[in-house]
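Chain residues, written in single-letter form:
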Amino acid sequence: MSDTSQGTGGLTFDKSKRQWPNELNVLAALILIVIIFEILGAVFVGQSLLFDTNDRFDSIFNEARLRIIIIQVAIVGIIALGVTQVIITAGIDLSSGSVLGATAMIAMSFAQVAEVNGAPNPKAIFGPAFLDLPVIVPVMVGLGCGIIAGIINGILVAYSRIPPFIATLGMMLFARGVAQWWSSGNPVSFPTEAYAVIGAGMNPVIIFLALALLFHLVMNYTLYGKHTFAIGSNEAAARMSGINVPRHLVLVYAIAGMLAGLSAVILTSKNLTAQSGMGLSYELDAIAMAVIGGVSLFGGRGSIVGTVIGALIIGVITSGFTFLRLGAFYQEMVLGCIIVGAVALDQWQQKRAAARA
Amino acid sequence: MKKFVLAAGLTALMSTGAFAQQIGVSVARFDDNGLTVMRNGMAAHEAKLDGVSLQVEDATDDVAKQLDQINNFIASGVDAIIVNAVDTNATEAMSAAAASAGVPLVYVNRQPINMATLPDGQAFVASNEIESGTLAAFRMCQDLRAQGKSGGARAYMLMGQLSNQAAVQRSKDFEDVIGMDMCNFITLIDKQTAEWSRDKAQDLMTNWISSGEPFDAVFGNNDEMAIGAIQAMKAAGISMDDVVVGGVDATSDALVSMQAGEMDVTVFQDLAGQGAGSIDTAIALINGEDVDKAVFIPFKLVTPENIGEFLP
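Protein chains in written order, with numbering that gives the first Met the number 0: chain S, 0 to 356; chain R, 0 to 311.
Heads up, some of the hints might be wrong.
[Claimed, not checked] Some but not every residue of chain S turned toward chain R, in silico, with C-beta under 10 Å:
#1 Val44
#2 Arg66
#3 Gly100
#4 Asn116
#5 Ala118
#6 Arg175
#7 Ala178
#8 Ser188
#9 Leu271
#10 Gly276
#11 Met277
#12 Arg324
The set of hints was computed from the structure by calculation and includes no laboratory data.
All C-beta atoms in this analysis are idealised placements derived from N, C-alpha and C, irrespective of residue type, glycine included.
If we strip away everything but chain R, and leave its shape as in the complex, we get (with noise of 0.2 Å):
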């Protein structure tokens, strides 16, 4: 009898649990910016959607509790999982774990390293890098001309963490633009990687103030670094109408400092709607429907002309 009243008791359990489609996601860490807003943006889709129940966890940046994380997932018995993954090597034992589980699995943000062979029922939701880098690096390119710089310019480019694909894509980005026949006046003084940080970004554009060379541009992997590099740059006396600073981002700090006329380029990314599209398509996968293995969200240049579009 006892044994009875337990199983029954399971079985309802779980069949409550098969009304609402229950999502499991590891997001790289809580604490960073750009991923809470992604987080939020989950938040408020799962808001919207009827039986759609999110367990949202944080990997702390590690990549060994990321990997338990699925794989308690797997085990409670989710319906799909969302990984925003913290290291992009390490995705193929996740992809493995999920795919012999026959757990749909959703990447979203930072691309995996396994893309090309992503298993069936697995997809990768975001927006495609070498847009954001590309789009502000252009832009900082003919605001240099427009400038009348085109005889010669120098620059300076902040850096991210250095294991971060997101990092060297956007660097690289920037040093391809400044490689184009167009561009190639914009010569690269020096790149340092800032972490990321508005003030390891402050602490090391001051550094280079002091160094005294003359420059006319600085880029920021993302926006917290260029406007530490700003705010160096006020403190240092030097006049924002003469260097031209791009981030990635479009933070509403940046935006702030944008409409104050130190900022001059960044660029959009839409990591609400990645939050919300990594659900969509977690739920596609759940229901088996056919899903593009890439679905891209796309990057929208933000100036100080359009800025109005941005601002809440």
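Just chain S, same shape as in the assembly (with noise of 0.2 Å):
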């Protein structure tokens, strides 16, 4: 594969050479392993995976089973959403799962309420005045310290030129430190009943899909995303071309911080609590999810759909191998063989495309 010519989105962006759009072949992969899950299930329990076999809902799908499958790959998701962009500009960051442990950890000492059950807080981190403040204190400081992690990251990776693996290894370290440090390890419970709304129910979801269409468009349809594209698919041609690109990589990695940050906010108020292990390997998960969406490690290429249509390929993965109730030891198996799957069919379709064109 040449670096630069194949790029849907790169500088030699050109319609007619776009070939059947990436995510329509992801989609199919979902599709395929729904009626994979339907058949199994049909054999081995007697029921369906997304349909209502047992007349329990007033339509014609499980929604219970519907909801959790997006609802349980939502907050990684939503560290997907960022990584995807950084991933498009040929960096990686795996600092997202403990920035995410850090954050939590900080944001949610200023969401706890001052009694428990009409007793003090057991677990306040702060002393009175800290206790029962606006929800949007936690928020502001969640986003905050995910933007803070992310523009280090940034300019680590842009102005003193570290690869982004190592930049990012370093702030994975580091920020998992942090969120030890901040309680010695101790966890950080009971928020204010304003902050447990923001992960309440369905929001992640909302949340989610909401950040994936702004995002969506943004990648698309402004110059953020056409010159994210392009210093991915050539840095020193976007150099040339009069893109500020240190400027723009520490713009990309700030937004990944955030999207980190955001995300620890929600997944403390869902769980009411904050633990410094949280966000263990999200990293991870969140470039599979981007990778199985079609995002190219080599940069470039790459797109939002893709990567929440490979989050749902991860969520309707795992509740269907709890729907067969099997271990969680053949969910990983079938997992890492879908990553490698994934990209081993995308480099051949990219390889069938250039000797095309």
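Assemble the dimeric complex from its two separately framed chains, guided by the hints.
As structure tokens, this is what we get:
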């Protein structure tokens, strides 16, 4: 694969050369996986994965399962939206899971309630002046922590020319250390009611899909998106055509950091607790979603829509395995195969497209 | 002359070292809630004792790293070592290293695989793991009977990491209890691992609920997973009066949940007591006293009736 000319959004973007969009392949894979689970379900448990086979809902679908399929991937999915942009610039962000952990601890400390069941909050981190704060405070703290971590990543990558893998690996270790140091490993629990609303019910999904739509538009119809693809396709050419590459990279990493911070807020709100081990290996789950969704680790190729479908594939597999009552080990084996398979298929198609063009 | 000064300095250093008992501690992970309680129990006990100084290190759930830490402790001449094993199957090498260096070794909280062949100068401090799952499961069985469900009840079980002895033991205890004549009206619908995590348990429980199977009880290998299951059930509009939920650990989050009438059973493992007990055992071993190979700190059942004893 040559690294310049097959991009769907690179500098050499040419509509006539555009193949059958990659997102359709990913969608086809999603549908295929659903069909496999439907068949296995009919044979082994006598139930349907997605359809309402025992008349519990007013619709033809098993709505509870449709909801959980997407709830369980929404939070990592939000991280994946940022990671997708980073990978499109030919970078990588290994720090998002740890940044989530650190942000979770810090933000939650500003969201605590003063009294639990009539007794003072046993997990309070700060004194009374910092309890029962308005919900905007922890949210802003959370976004702020994420943005700061992202800016540091961006500066390391863009100005000191440390490879993104190393820069974000450093941040990954550092942020996990912060998460554990913050309360010496103790969990931070019992948030205010207003804070608990953020991650309740379907809210994580609504936030995920709204952000996906936003970034889909941003990546496809704004200068920001065009510059992101341009840098990933050919950084030297991007610089030569007048893009301020370092500044743009800092912005991309800052957005990825902000999304990790936001997912920390949503996750702690959903779980009503923050723990220093939170977000462990989420960065890899997020990268997996992006890669399954067709984002190329060489940069310049990929889409938000693909990543969202990639997230849904992981959600369907997780729910599907529980539905079949199979253990978690099989789930990880299958996920591993799917990730490698997705990239192999993608490479093969690229090669074929290149040969035809 | 230079050599003499150096030697004198070193001797002085070593002799001050001899005043305080140096104990090296390797904890499986710093970010585990239960182990943090244990670690804090150690620190509090250290502050109370005169002339004991702890050096606590995080093995970050890495077996190889833990063995390196132990060898480093031995090399730096500590008086005793306390290990909270990452993987209980890997303790043979640790016992051998400490025994050949003549340094007392205390395993805390997690039972070493070589328990039967533990060398002299080594001991194990913990609660008897068989108690915890059995206490919780039996009480859940009684609660289900009291609710008039002795004609048949259905349960889900959330398990910890399957490589962990506590997870395996607690799961087995639960299945043993529901195999007893008195409790065999309970059938297990499904058991899956949620890796001790509240978040994973919440998603797993929601997945189970989505299959529409009716159920009467949920047992979590720890409180965090039981709380995750409770949050999922509440979100699905299931009344917490209809479901018996049990966990293990009696964390403060779990006690609050019990006060709110959600969690029905948990088991208090005196982790701070285990931490303090491991230091006492290590000191006894340093002083050459006779120490039992296994020092057990008892578990206690926590229910809405006696929750008052466990509130801060």
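Problem - Hint numbers not upheld by this structure, sorted from lowest to highest - result: none
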